[in-house]
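Input sequences plus hints: build the corresponding full structure.
In case you want the letters, here they are:
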Amino acid sequence: KAGVTQTPRYLIKTRGQQVTLSCSPISGHRSVSWYQQTPGQGLQFLFEYFSETQRNKGNFPGRFSGRQFSNSRSEMNVSTLELGDSALYLCASSPTVPGSYEQYFGPGTRLTVT
Amino acid sequence: AQSVAQPEDQVNVAEGNPLTVKCTYSVSGNPYLFWYVQYPNRGLQFLLKYITGDNLVKGSYGFEAEFNKSQTSFHLKKPSALVSDSALYFCAVRSDTGGGNKLTFGTGTQLKVEL
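From first to last, the protein sequence lines are chains C and P. In this text, residue positions in the first sequence follow this note's numbering: the first is -13, and each later residue adds one. In this text, residue positions in the second sequence follow this note's numbering: the first is 339, and each later residue adds one.
Source of the hints: derived by calculation from the structure; they are not laboratory data. Check each hint, because a few of them may be wrong.
Simulated coverage check for chain P against chain C, where a stretch passes if three residues somewhere in it have a Cβ under 8 angstroms from a Cβ of chain C [to be verified]:
| id | stretch |
| --- | --- |
| 1 | 380 to 391 |
| 2 | 440 to 452 |
Straight-line alpha carbon distances no greater than 30 angstroms define the calculated DSSO-like cross-link-like pairs of lysine-lysine that follow [said to hold, decoys possible]:
| id | chain 1 | residue 1 | chain 2 | residue 2 |
| --- | --- | --- | --- | --- |
| 3 | P | 407 | P | 396 |
| 4 | C | 43 | P | 387 |
| 5 | P | 396 | P | 415 |
| 6 | C | -13 | P | 387 |
| 7 | P | 387 | P | 407 |
| 8 | C | 43 | P | 407 |
| 9 | P | 360 | P | 407 |
| 10 | P | 396 | C | -13 |
| 11 | P | 360 | C | 43 |
| 12 | C | -13 | P | 415 |
Note that CB positions come from ideal geometry on N, CA and C, so glycine has one too.
And the structure:
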């Protein structure tokens, strides 16, 4: 099976702009989660989508939003970018088989805000 | 609330020697515990998990971890380290109560295996 794919891999944006990141989960996985990784804050949970519904949300401002499509692909959007939004954004998908709670991560999108 | 502590920022070990990377957790309900590894400029790679059952779980690349409920620990171990094991290791936890797949990660431990 193909792994989790994320596009684009690298992105440079200017403060105040908005950005959309895309994630395609492993085939058959219906749960998609997003995480932000920075040197200062480490790995932080953004949100999780399951069957097109947001199931969990982390402690991030409303500028961070996401959605999931009927084919389980997910996008996250960050509006009004700030310098502190520079990070590696990781998407992870998870199977819905009971007992299989591990998440499989994509390579990430490296966002740089200047 | 759930949390994970990885008390060592870096662990150095000689190739061929056993390695241990420490992790303690706090969670309401029963814990689901995971170890992930991250190589430079890559995403996280799943190593192993504890959901229920045997306290010693085996995973990829010869790694294993021991779940200790009384000490709320889930230390990662390998009997014989390889230089190629050098990477950043993350411990993560989620609770079995409430829905969803929210993982809480530790701050990571840089493992350096030297010849």
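Numbered hints the structure breaks, given as an ascending list = none
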